[in-house]
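A.B. asks: Given next are the chains, with one letter for each unit.
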Amino acid sequence: MYRRGLLAVLALAGIATFGAGTASAQDKTIKIGGLFPMSGPGAYFGAQDKQGIELALEELNKTGVNGYKFAIQYEDSACSPLPASQAAKRLLDQYKPDVIIGEECSDATLAIMPIVAEAKVPLINAGSSSIRITDPGNPYTFRIMPNEVMQGVDIATQAYNKLNARTAVLLNETTNAGIGNAKVFKETFEKLGGKVVAEIGFGRDVNDFTAIATRVAGAGKVDVIPTYTLEGQGLKITQALSQAGVVKGGGGGAIQLGTIWLPFGFEQKAGKAAEGYVRIVQFDPTDQRDMVKNFVKNFKAKFNADPTHINAHAYDQILLIADAVKRGAKDAQSIRDTLAATKDFKGVTGSVEFDKSNQNIKMDTIHYMETKPDLSWNALKWN
Amino acid sequence: MTATIVAQQAINGIVLGSLYVLVALGLTLIYGVLVQINFAHADFVTLGAFAAYFFIHLLGGNYLTSIAVALVVGAILGWAINLTIFAPLRHKGSELLPLIATIGVSTMMQNAMLAWFGPIPYAFETPYSQQVFRVAGMFFTAQSLIIIAVSAATIALLYAFMKFTFLGKALRAVAQDRETAGLMGINPSYLIMLTIVLSSALAGMAGAMLAPVLVLTPFAGTTVIVKAFAIVIIGGFGNVEGTILAGLLVGLIESFTTQYFDPGLIDIFVFALLLLMLAFRPTGLISERREENV
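Chains as they are written, first to last, in the numbering used here: chain A, 18 to 400; chain B, 772 to 1065.
Just so you know, the hints here were simulated from the structure itself, not pulled from any lab data. Be a bit skeptical, because a hint or two may be false.
Stated by the list, open to error - Below, simulated SDA-like cross-link-like pairs (lysine to any residue); rule was C-alpha separation at most 25 Å, straight line: (1) A/Lys67 / B/Ala886; (2) A/Lys238 / B/Ala774; (3) A/Lys67 / B/Met879; (4) A/Lys212 / B/Tyr1031; (5) A/Lys67 / B/Phe888.
All chains, please: the whole structure from these sequences, using the hints.
C.D. replies: Have a look at this one:
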């Protein structure tokens, strides 16, 4: 009985392998490798990236682009350097992709960059903000969102000028991106005349933020609290700051400032504690451009949910590859060269034009949103 | 101001420590009786948290009842896993096999929960987290009072069970000498099963208590389990009183390190304490002979 079951499983595995082999043997297919966290604390990135990718591939493969169809294979890069490196090697050895998209977390992206560059395969990133990804970067790595310096300088300047903030407490996870983002904010804010009264870093294993909130409450008058962390810890921090009576949601005066790390729907999970939270979002679902309206409509139809910026970023990454193919790219090297020449790509998150270090220089992807008492967004129109 | 902050951080530390104690008690119980480390304990905690979450959100139950539900779910799962995995392996005569099996159970549970519940963090809110009391410049939530009350009641009940009931005495007998206890008419297999069920029930309940604090994902329990292991070692392998003391101590180290140093140093301080204990007082905070620990 067991042996028969085993034979059936082996037969199915054989069919699956044969099927995969047949598919990969098709000449006119652009093979995309997806390196995303599917496990661990950043796994929500991977789940949402996959949704955006699925929708984009479904739309593109209806007709194809210049005779090419698009296929993807994922590996779990776990938002962490070691598993990400191993996943990148597996992907390159076994799938031999023409282009790779991912990772989300800066530490993981920095780890896979040299591996992917050595294989001369372009890597498109939409989630990692560390400056080191494009400065100095390498010729094969492209980033379609503003880096930590572009974001950090902007948010610190807006906090000082628009919110009249003069004191700040920095809360950041102790990763490349967390430390880097906090550093840029501090440098810009202090140059403008502001004062950072405390810098509190924490690991991803911290669950209870009551002690940190207590420390912030005891730090004196604080105008803004820039916070750099993933969604799960972000929720706990916001709630703890509210319980400690520090932020507006808890009756205090401080305003929490957030980045694109938090997905759409964060406020609904955080509840009243999120009131007054000001954060950057890189996808505005109320954008009136036709392509955004179609994306929102099609996403809702497919997944019965509103798209997040993570969904939108993943969707744009695939569209950017398709755009390169439309402009004549057909393999890894030509995709790299065509991507580097991108000047006016329009995606659902905004525009893309790469500079010499392959960093997108367009800032129309940054939108500031303030959380209203009913937890909806108030677009601040600062950019 | 300074005195207020010290008092506030002491409260924070005791609340957090109480949660750690709840997680560590199950580990200590299994170690005390079976001299075995259960690597799947974290996943029982996670499952307890999800059981409580779905009891509230799908069945419309209230939070306090969900704690009992998580306890029962933990107990049933512990019983089932012991029956189907641990007991058959133990009967093969090797102590190593059930230990390795706990790693397998852990991986299996994590991936099953990832498949069922998805990777996106759940927001586990209780009405008690929103109720904030502010007294003399300090704050605490109704949730923190529940944590302390439930932890204290659990510790008292466990203590009474161990000291005053026949089953508790039988458990201690098995912990002292499994073979001799068997010769005295005690069924060691039954008591090992009881230990695993009790430990799993405690883990499930700890999950429900931790859920409003944890970032609730299928990997939630793993973020506290390393500290729970450290607490078991600092407290004295398998020593219940030592575990309680060590849990509270670790909670206090965490809150005061955050206040006066940096949260990034918490693990350094906790594990430095662990190493010091191993070097200078390997029997733990409360020294007893191991066989009398449970």
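A.B. asks: Now tell me, hint by hint, if it's right for this structure.
C.D. replies: Hints versus structure:
no.	hint	verdict
1	A/Lys67 / B/Ala886	15 Å, holds
2	A/Lys238 / B/Ala774	19 Å, holds
3	A/Lys67 / B/Met879	23 Å, holds
4	A/Lys212 / B/Tyr1031	20 Å, holds
5	A/Lys67 / B/Phe888	16 Å, holds
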